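Peer 1: All chains should be modelled from the sequences, with the hints used to inform the complete structure.
Chains as they are written, first to last, in the working numbering: chain C, 134 to 615; chain F, -17 to 77.
No lab work stands behind these hints, which were simulated from the structure alone. The reader is advised that the hints may include incorrect statements.
Said to hold, decoys possible - Here are the in silico distance ranges between beta carbons for each label pair: (1) F:60 / C:135: 53 to 61 Å; (2) F:-7 / C:179: 16 to 24 Å; (3) F:22 / C:135: 50 to 58 Å; (4) F:-3 / C:135: 44 to 52 Å; (5) C:400 / F:12: 25 to 33 Å; (6) F:26 / C:215: 35 to 43 Å; (7) C:179 / F:10: 29 to 37 Å; (8) F:72 / C:248: 15 to 23 Å.
Just so you know, these numbers come straight off a predicted model, no measurement behind them. Note that CB positions come from ideal geometry on N, CA and C, so glycine has one too.
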Amino acid sequence: MNKWEMVIGLEVHSELKTRSKIFCGCSTRFGSSPNSNICPVCLGLPGVLPVLNQKVLEFAIKAGLALNCRIAAHSKFDRKNYYYPDLPKNYQISQYDLPIAENGWLDVEVGDGIKRIGITRIHMEEDAGKLVHAGSTITSSSHSLVDYNRTGVPLIEIVSEPDLRSPEEARAYLEKLKAILEYIEVSDCKMEEGSLRCDANISLRRHGQTKFGIKTEIKNLTSFRAVQRGLEYEAGRQQTILDEGGVIEQETRSWDEEKGVTVLLRGKEHAHDYRYLPDPDLVPLEIDRQWVEELKKQLPELPSARKQRYIEQMGLSDYDAGVLTASRATADYFEQVLAAGASPKGAANWVTVELAGKLNQSGLTISQSPVPAAQLAQLLKLIDDRVISGKIAKDVFARMWQTGKEPEQIIREEGLTQISDDDSLRQMVEQVISQHPQTVADFHAGKEKAVGFLVGQIMKLSRGKANPEIVNRMLREKLLEG
Amino acid sequence: MIDEKTVRDVARLSRLEVDDRQVEVLARQMGDIIGYMDMLSRIDTENVEPMAHVVPISNVWRPDSLRPSMPNQEAIRLAPDAEGEYFRTPKVVSG
Ligand SMILES: [Zn+2]
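Peer 2: And the structure:
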């Protein structure tokens, strides 16, 4: 890539989590039986009148505010005309020249600094239906089946400026955008369910050049990983063409996750001509400034601010604060652990390492954690009070995860209390010393490592229950005595 | 003003079939309409506010509440082709 600079812009579609659709009272619920959440309005039957769901406007304005956009005073809906069976009206109600929000930005952490990525615009629109291909593969089936449940589910499309310069930056931008939309509770942002979708535009140009190269658009990027891999592949493909003196065709390509390549979807000659026109069924929007101000006041603390607070007021590392604030649910859980009396550093460590590990293994989200925040706080207190060691605590935590029992009950039932009592520890120290005369000799010959080995043997003898600090002190005393 | 190629392009975009004789007529008629628009564009609109809608109302919306949907089979019955709970169309591959 050294000769070429990547220029990337993302178009992100996010489903808004309203109860009803954007222009009718049908449910937006995911996973309903096919064609059960449909009505004359979302099916586009003749003579119906769409009416805007106010919540959609509210959510779109909130998203605009959280992304530092200017909220439009005048806005309207337009018809975007194209033919595809997932679109029953043969046009999609969208916004063309007067989108609800424009000219925003988002700060993204890249490498060792922060980079500000421009947001061109945010507009409201309706989602399309879903095609289900009959038969085993797309090519072998003779028909397509259509489910219109998703038709009319509200979306916002967030278009970035072409400010991204690498697949990593694109991924970081998308992750940050997702976090913000989750924080302000306007979207669930589940890429696997399609409630967050991303298309990417990418072109290459020589370093130092200001003019953009010819771009291609990549569709079907259905995960963060796909966004990064798809862009890496496409950058490589374009580079090969350019290095050989070829010309990039302006075209739309589709990411094939399995094969790890992008394939041609349609060329420039088949580019859509959407012939936008104002939708006469929907009246214009005049946005009340006071309402916008009220919505602004309702915005919660956003991820960047929260992260900064964790670093400055709690003394957490940049990394830990970043992991904790990446999703609102994680940050909320962490703060519940603190509210139950835990110290920030201990809680941060346990939430980002032990808890995150277990959640990952079992494919759960933090809100589904079998260990509630208050119980994790109890466990941390037992470590602080030296009732159990950090090592034993991991076993207790595993038992809490399995059984849902409180930590104290598990410790009591399984006799896991840390041994701090001098007599039993002294016996173990003496036993280990007498069993390893060669290691003791090594210690006297100046090999500091020998101590670690002996401590390990004592911990093993106590099945991990000995208090390592006391063992260490006692062992040294004994060795120097002898 | 509107040539036959433009008529054919617009017809294709609208998925309409037009024969040669119709193309000739439509080219003339569409030319007349566009010509009329050109006449409108000669009017001085310097101090006129842009208007997106002919009715002077704005901000018509409804609360986010559910209303009953149609029974599946009632909707399916309206379709020219269906399979079980689904609408059915000829095979579609590209987007
Ligand atoms: Zn409906």
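Peer 1: None of the hints should be skipped; say for each whether it holds.
Peer 2: Status of each hint after checking the structure:
1. F:60 / C:135: 53 to 61 Å: holds (60 Å)
2. F:-7 / C:179: 16 to 24 Å: holds (22 Å)
3. F:22 / C:135: 50 to 58 Å: At 56 Å between Cβs, range holds.
4. F:-3 / C:135: 44 to 52 Å: Distance hint for residue -3 of chain F, residue 135 of chain C holds at roughly 48 Å.
5. C:400 / F:12: 25 to 33 Å: holds (28 Å)
6. F:26 / C:215: 35 to 43 Å: About 36 Å separates the Cβ atoms of residue 26 of chain F and residue 215 of chain C, which means 35 to 43 Å holds.
7. C:179 / F:10: 29 to 37 Å: Since residue 179 of chain C and residue 10 of chain F have Cβ atoms about 30 Å apart, the given range 29 to 37 Å holds.
8. F:72 / C:248: 15 to 23 Å: At 47 Å between Cβs, range violated.
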